[in-house]
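> Each chain, written out:
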Amino acid sequence: MYRYDTIDRQLVNERVAEYRDQLQRFLAGELSEEEFMHLRLRNGLYRQRHAPMLRIAIPYGLLSSTQLRRLAHIARRYDRGYGHFTTRQNIQFNWIKLEETADILAELAEVEMHAIQTSGNCVRNITSDEFAGIAPDELVDPRPLAEILRQWSTFHPEFNWLPRKFKIAINGAKEDRAAVAFHDIGLHVLRGPDGQLGFRVLAGGGMGRTPAIGAVIREWLPWQHVLTYVESILRVYNRYGRRDNKFKARIKILVKALGAQEFARQVEEDFAQIIDGPSTLTQEEFDRVSAFFVPPPYDPQAPEVDPETVGDKAFARWAQRSVRAHKTPGYRSVVLSLKPTGIAPGDATAEQMDAVAEFSERFGFGQLRVTHEQNLVLPDVRCDQLHALWQAARQVGLATPNIGLLTDLIACPGGDFCALANAKSLPIAHSIQARFDDLDYQHDIGELDINISGCINSCGHHHVGHIGILGVDKDGEEWYQVSLGGADGSGAADGRNAIGKVIGPSFTATEMPDVMGRLLETYVRERIEGERFIDTVLRIGIAPFKDHVYQGSIHAHERAPDRVNDTRAATPKRQEVMT
Amino acid sequence: MSQTQTPAPSGQAPVAGGRVLSADGSWADNTWHVVREGEASEATDTPTLWPLVQWLERKAQGTLPANAGVWLAPADDPAALNADFARLPLVAVDFPRFFDGRGYSTASLLRRHGYTGELRAIGEVLIDQIFHLKRVGFDSFVPREDQNAAHATAALQRYSETYQGATDNPVPLFRRRAASLRTATGS
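Note that the protein sequences, when read in sequence, are chains A and B.
Numbering of the first sequence is given in numbering that gives the first Met the number 0, commencing with residue 0 and proceeding in unit increments.
Numbering of the second sequence is given in numbering that gives the first Met the number 0, commencing with residue 0 and proceeding in unit increments.
No lab work stands behind these hints, which were simulated from the structure alone.
Even for Gly, the Cβ is constructed at its ideal location relative to N, Cα and C.
Please note: incorrect hints may appear among the correct ones.
[What the hints assert, rightly or not] Partial chain B-side listing against chain A, Cβ under 10 angstroms, derived:
1) T62
2) L63
3) P64
4) G100
5) R101
6) L108
7) R111
8) Y114
9) T115
10) N147
11) Y162
12) F173
13) R174
14) L180
[Claimed, not checked] Just so you have them, the derived chain A footprint on chain B, three or more residues with Cβ under 8 angstroms:
15) 83-90
16) 150-161
Just need the whole structure built from these sequences, with the hints factored in.
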């Protein structure tokens with residue numbers, strides 16, 4: 000993975016010093032609440048319901064064992080002994096003391112980590128495929144380009160005060176595991192017919208209040224021009240993105256208003272002025288950064304073993320869900336589940352983090368990945384060590400055999416923590432996990448993405464859940480709206496994506512397990528052999544699901560159509576959006 | 000320019016007090032009067048910054064006084080000045096709120112279009128914006144009156160290096176890294 004040189008280290012240290020100075024000026028009354036808010040957000044610090052929350056970047060999902068141990072230490076020393084891995088390859092600590100935040104950032108800088116631009120209206124942490132460099136379906140390893148973009152976007156002087164947050168994702172595989180179509184800029188790295196490296200560029204995707212699939216604004220961009228072209232996109236957005244209404248300020252609204260073609264034309268017009276300028280990427284820089292991502296020293300003698308033929312049924316079941324194919328014979332990647340029933344999805348204790356750091360050294364090369372499904376990945380496990388890993392992971396509660404299944408659901412922290420949420424999301428996650436905890440049932444239902452967001456900001460990515468659940472506020476009460484048929488591009492060989500459709504009026508929290516039960520009953524009734532839940536929804540549409548859910552007893556009382564109450568999000572004190 | 004120290008209120012650090020900070024760290028009194036939009040103002044001998052619309056009107060009418068500069072609002076198109084760079088003694092960009100970042104692109108574009116005269120940031124210019132303002136091409140700043148002058152000066156040097164090319168140095172770090180590596184290895 001990328002290692003800092005003296006300049007990278009110096010810049011991160013200078014950032015810590017800058018933030019420490021800002022914090023002191025705020026505590027001394029020299030910075031107003033509003034002024035400090037913008038500055039602390041750019042260092043990942045939110046004010047939450049109970050305590051400040053610190054969001055730390057895990058650039059494109061890569062972590063070393065040393066870094067994970069440092070996160071465990073931070074959890075113990077500065078928080079309550081655990082952390083929360085998010086859908087954007089960040090980790091959040093929910094019980095931080097404001098006065099200690101500069102010290103935490105200094106501790107992170109020592110292990111080449113930071114919280115720079117993990118919030119605020121600027122370019123956020125660049126996200127990518129958690130299986131980059133190891134997935135058999137990979138066309139181009141996106142990590143060197145992600146790192147180059149990370150450096151380019153860090154402290155960009157022109158684009159630090161955008162109309163709204165700005166998220167860039169990059170994918171280099173056939174399957175889209177980075178959900179690039181749902182980002183402000185989505186980059187598909189490709190090889191052209193002559194073997195040349197380049198990008199297909201999407202802009203204007205996103206979730207939130209107005210979900211949108213990004214439009215292709217350039218079919219082919221030679222790799223050398225990626226920084227200048229992205230600069231032009233950001234310049235058009237910075238100048239013309241709306242600033243009068245925060246709900247219409249994302250680039251997707253501008254792309255929609257202008258039309259993708261006109262937006263692309265304006266980008267090209269600016270790009271023509273800077274193409275081939277000094278910011279054009281060089282082969283030398285590409286090679287320098289790529290050298291950090293060469294494959295580790297794999298053992299060519301590592302035996303190729305089908306993991307499902309080794310050990311007992313419990314191991315086989317875990318292996319079936321958790322073990323993924325690898326480019327290198329004799330190796331597999333392994334997903335460690337952070338979704339045991341009863342724990343907030345994505346939460347890990349300091350002890351678990353230390354254990355995973357140790358696994359990554361014993362069963363690999365001291366590296367691991369963080370996934371946008373809120374799980375952890377050990378990227379380089381020998382086939383003949385999978386059983387030993389499973390036994391070790393079981394002892395620390397990281398071997399729930401539910402990866403990709405019903406209970407491997409994605410949820411935001413919701414109303415239990417977040418100041419913005421309209422409704423709680425964790426109790427809904429728990430009630431669903433508890434109802435469908437039976438593993439035989441889960442394995443029978445098969446692959447299913449359930450995504451829960453506590454408000455329309457969609458941190459739980461409900462728009463792209465096969466089943467999406469959105470917490471809404473109706474007259475001060477918490478209700479849940481259900482949508483079907485979303486897809487983020489992962490789990491499909493062609494990277495197909497879609498925004499889910501709402502099935503009808505919303506439900507109370509207590510109704511939700513029954514609603515889920517009825518959706519699954521419909522699937523079991525309608526599915527044809529080998530068909531996944533999402534495939535059945537696509538084949539028969541949402542009507543049969545809807546009919547079964549709204550028939551009879553769940554709805555004992557008359558209900559009015561949803562009037563989603565947005566007053567909370569509009570209240571000034573609650574403006575810190577969680578995504 | 001005279002290097003002045005505004006007397007501070009007793010017991011408090013000296014504040015910017017409406018003075019002008021230059022990119023080289025020196026301070027000077029502000030000699031420019033800013034005419035705000037809709038404000039009636041007659042042309043006088045005082046150096047004056049006019050709103051873009053008024054400046055263009057006076058230019059068209061041939062009534063621009065000698066000491067007439069222009070200031071741009073966030074939504075103004077800097078290309079409107081492309082033909083007039085030679086006659087402009089000063090261009091200012093206004094930041095009505097510090098978090099409205101359009102002025103940064105305005106500055107970049109003015110410099111790209113070839114404006115080489117003085118470019119000044121006015122409005123809600125705060126200590127923590129100064130380093131980036133300097134990078135995109137501003138060479139003078141009128142920090143908000145209450146801003147601590149020493150902190151504002153120090154902010155000009157806040158970072159010792161920068162990753163990406165910008166107006167102040169269009170050569171990105173990766174090219175400089177490569178050059179120093181070549182020098183080091185003698186290749």
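> Are the hints correct? Go through all of them and say.
Here's how the hints hold up against the structure:
1. Annotation: T62(B) was flagged as interfacial toward chain A, and the flag is violated, the nearest CB pair being 31 angstroms apart, outside 10 angstroms.
2. The restraint placing L63(B) at the interface with chain A is violated, with a minimum CB-CB distance near 27 angstroms, outside the 10 angstroms limit.
3. Interface hint at P64(B): violated, since its Cβ lies 31 angstroms from the closest Cβ of chain A, which is beyond the 10 angstroms cut-off.
4. For G100(B), the shortest C-beta to C-beta distance to chain A is roughly 3 angstroms, which falls under 10 angstroms, so the interface hint holds.
5. For R101(B), the suggested interface contact is upheld, since its CB lies about 6 angstroms from the closest CB of chain A, less than 10 angstroms.
6. This hint holds: L108(B) has a C-beta 8 angstroms from the nearest C-beta of chain A, less than the 10 angstroms allowed.
7. Satisfaction of the interface hint for R111(B) is found here, the shortest Cβ-Cβ separation to chain A being roughly 7 angstroms, below the 10 angstroms cut-off.
8. The beta carbon of Y114(B) is not positioned within 10 angstroms of any beta carbon in chain A (closest approach about 15 angstroms), and the interface hint is therefore violated.
9. For T115(B), the shortest C-beta to C-beta distance to chain A is roughly 17 angstroms, which exceeds 10 angstroms, and the interface hint is violated.
10. A distance limit of 10 angstroms between C-beta atoms decides the matter here; for N147(B) the minimum to chain A is near 7 angstroms, and the interface restraint holds.
11. At its closest, the beta carbon of Y162(B) sits 5 angstroms from a beta carbon of chain A; the interface hint therefore holds under the 10 angstroms criterion.
12. Nearest Cβ of chain A to the Cβ of F173(B): about 4 angstroms, under the 10 angstroms cut. The hint holds.
13. Hint status for R174(B) relative to chain A: holds, with the closest Cβ pair at about 6 angstroms, below 10 angstroms.
14. Below 10 angstroms, beta-carbon pairs count as interface contacts, and L180(B) has one with chain A at about 8 angstroms; its hint therefore holds.
15. Counting residues of the segment 83-90 of chain B whose CB lies closer than 8 angstroms to any CB of chain A gives 0, so the stated coverage by that chain is violated, three being the minimum.
16. Residue count for the segment 150-161 of chain B with a Cβ under 8 angstroms from a Cβ of chain A: 6. That meets the three needed, and the coverage hint holds.
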